[in-house]
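Chains C and V supply the protein sequences, listed in that same order.
According to the numbering used here, the residues represented by the first sequence are 1 to 293, in order.
According to the numbering used here, the residues represented by the second sequence are 1 to 293, in order.
Heads up, some of the hints might be wrong.
Here are the simulated SDA-like pairs of lysine to any residue, each with C-alpha atoms no more than 20 Å apart in a straight line [said to hold, decoys possible]:
1) V:K102 x C:A88
2) C:K102 x V:E111
3) V:K102 x V:R189
4) C:K102 x V:V49
5) C:K102 x C:T2
6) C:K102 x C:L17
7) V:K102 x C:L17
Quick list of the computed label-pair ranges, beta carbon to beta carbon [said to hold, decoys possible]:
8) V:D9 x C:A97: 37 to 43 Å
9) V:R132 x C:A293: 57 to 63 Å
10) C:L177 x V:G207: 39 to 45 Å
11) V:A10 x C:R234: 37 to 43 Å
12) C:G96 x V:G113: 30 to 36 Å
13) V:R81 x C:V45: 49 to 55 Å
14) C:P23 x V:E14: 17 to 23 Å
15) V:P244 x C:R234: 34 to 40 Å
16) V:G94 x C:V16: 46 to 52 Å
17) V:G188 x C:P124: 29 to 35 Å
Please keep in mind that the hints were generated in silico from the structure rather than gathered at the bench.
Cβ coordinates follow ideal geometry from the N, Cα and C atoms, glycine included.
Number of protein chains: 2
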Amino acid sequence: MTSTVVVLDADHPEGVLADPGVPLVRIDDQGLTRGDGVFETMRVVDGQVQGFATHHQRLEASARLAQLPAPSAERCRAAVRTALAHAAPGGDGGLGAEHSVKVVVSRGTPEGGPWSWVVVSPVPESTFRQRREGVAAVLLPRGHDPAHDSGYPWLLPGAKTLSYAINMAALRHARSLGAEEAVFTAAGRRVLEGATSSVVCARVRDGRRVLVTPEPSHGILPGTTQATIFGAARRDGWELGYGPLYPADLMAADAMWLVSSVRLAVPVHTLDQQPLPVDPELTRLVTGWLAAA
Amino acid sequence: MTSTVVVLDADHPEGVLADPGVPLVRIDDQGLTRGDGVFETMRVVDGQVQGFATHHQRLEASARLAQLPAPSAERCRAAVRTALAHAAPGGDGGLGAEHSVKVVVSRGTPEGGPWSWVVVSPVPESTFRQRREGVAAVLLPRGHDPAHDSGYPWLLPGAKTLSYAINMAALRHARSLGAEEAVFTAAGRRVLEGATSSVVCARVRDGRRVLVTPEPSHGILPGTTQATIFGAARRDGWELGYGPLYPADLMAADAMWLVSSVRLAVPVHTLDQQPLPVDPELTRLVTGWLAAA
């Protein structure tokens, strides 16, 4: 892979560069045997991590719920710096040289205990293509409303853990239906979130400009990208709405996006095989907010 | 660790012995980054795998749901044989020399693809102590009834995946409450299953002998150990019941066990800080059924 890996190490404040082409993880690492760890993904533009403080706070929140130690912001920043210094050139989608950064905390082996690493990779052309061309998505029931988990810390509500098997299975199922993305729904087809993204849609009518996202809950991961978009939109005079959102609302919107840190705002051009309006100007506006953040 | 690891390998029908003390897994293995894999745990007594065919069938079912290749029964058996030939002596809890065997299928790296391995470990004294002395357990809400997931293959209902972060968090929460085990409940406190086990309880009254387990559903992992117990109990003239079970039913039972492949039947002596009756004779009976299976 073209990624650069730096392992955080108490004795090396800058982290330790590792060869990602060789095994680095023991077979009894609980990140592997139990999906027992947390992570955070960030975007880097021209060497600058976007929204680092917000992401690090969310990493700390995930780690706290999972009773894992989160590396300090300073150590994370230093490790990312080391990785970037050795990384392949960033991808160029017209917004600068872009990398993705993933920070992972695993519970490690029973003897060795928790450890952390960062992985820096050039943003691939496939991501730029999704931003430009959009994606087809399907709505898939989540089986339950994750908000029902919110009062129970042992269900890790809102934590971004390594236990993503269901999200990955949903994406495979979407692909088997000819789509690229899956959007989860609760009872009554109420829209929740994408398998690895948040949902945002826009309505622009009679001079009113409204951005809507499903109601935040402890069961839906708090979307840092969605929050950035909403902050900029508010300053720009948009009205903001927080669900509930149903498929009919998405169908009636003037634009729908799946938003996440590295992909930014990816337009959904097809939902459950129905065409959705795509508005390149609105996408440029939203992307501009994110690029300026 | 005192485990023995054998990696399944197309070129080596007996598998390849690996040193578990050194890293064997790449950092971009999707078993690690996404908890994207499936596994099965089995018990070995005096070198004989208990219920291999049933476990291999469940591994195949898990793998099918996750769209992963399951290694053939023949290759699994051969790898287990290789591992056992190099394993440390089995633990001795009075039922022979016991090992646990874990078979794992991970989705692997994006380039390398899925791979499998087996881990053989002596059953530790802590397991024998749990069988003898029992455990304290707490009831913890699961947030939703996993049966609601059952119609949706992309939620991997009934698959034993590597995404166990919530189960591990529930066990940590149980320990923070002074207990050793967690039992999940659905709405109305209906009993579902242990964090890593099935629930079975016994009522023996007025000459009637009844074993009860929560109603099987696609949301609860089909318990191979529970099924073995029920099969033997039926032959022995017991009545069998399939839930629903509520906390009051557990409190009124003459014995409650958490059952799983390696632990066999572990008596629950305390539930939510309330003492439960423990019946060593019943435990011996149930354990005997499992040992003879």
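The hints, checked one at a time:
1. At most 20 Å may separate the alpha-carbon atoms for a hinted pair to count; K102 of chain V and A88 of chain C exceed this at roughly 38 Å.
2. Only pairs whose Cα atoms come within 20 Å are accepted, and K102 of chain C paired with E111 of chain V is accepted, the gap being roughly 19 Å.
3. A hinted pair counts as satisfied when its Cα atoms are at most 20 Å apart, and K102 of chain V with R189 of chain V does not qualify at roughly 32 Å.
4. Between K102 of chain C and V49 of chain V, the direct Cα distance comes to roughly 40 Å. Violation of the 20 Å bound is thereby established for this hinted pair.
5. For the suggested pair K102 of chain C and T2 of chain C, the alpha carbons sit about 14 Å apart, so the restraint of at most 20 Å is met.
6. This hinted pair checks out: K102 of chain C and L17 of chain C have alpha carbons roughly 15 Å apart, not beyond 20 Å.
7. Pair hint K102 of chain V plus L17 of chain C does not hold up; C-alpha atoms about 32 Å apart against a cutoff of 20 Å.
8. Here the CB-CB span from D9 of chain V to A97 of chain C is close to 40 Å, well matched to the stated 37 to 43 Å.
9. For R132 of chain V and A293 of chain C, the hinted distance range of 57 to 63 Å is satisfied, since their beta carbons lie about 59 Å from each other.
10. Between L177 of chain C and G207 of chain V the CB atoms are about 57 Å apart, so this pair departs from the stated range of 39 to 45 Å.
11. The given range of 37 to 43 Å is broken by A10 of chain V and R234 of chain C, whose C-beta atoms sit roughly 57 Å from each other.
12. A beta carbon spacing of about 33 Å between G96 of chain C and G113 of chain V agrees with the range 30 to 36 Å that was offered as a hint.
13. Here the CB-CB span from R81 of chain V to V45 of chain C is close to 54 Å, well matched to the stated 49 to 55 Å.
14. Checked against the given bound of 17 to 23 Å, the beta carbons of P23 of chain C and E14 of chain V, roughly 21 Å apart, stay inside it.
15. In this structure the supplied range 34 to 40 Å is violated for P244 of chain V paired with R234 of chain C, their Cβ-Cβ distance being about 49 Å.
16. Between G94 of chain V and V16 of chain C the beta carbons are some 47 Å apart, a value that agrees with the proposed interval 46 to 52 Å.
17. Separated by about 48 Å at the C-beta atoms, G188 of chain V and P124 of chain C break the suggested range of 29 to 35 Å.
Comparing the model with each earlier hint shows violations of hints 1, 3, 4, 7, 10, 11, 15 and 17; every other hint is respected.
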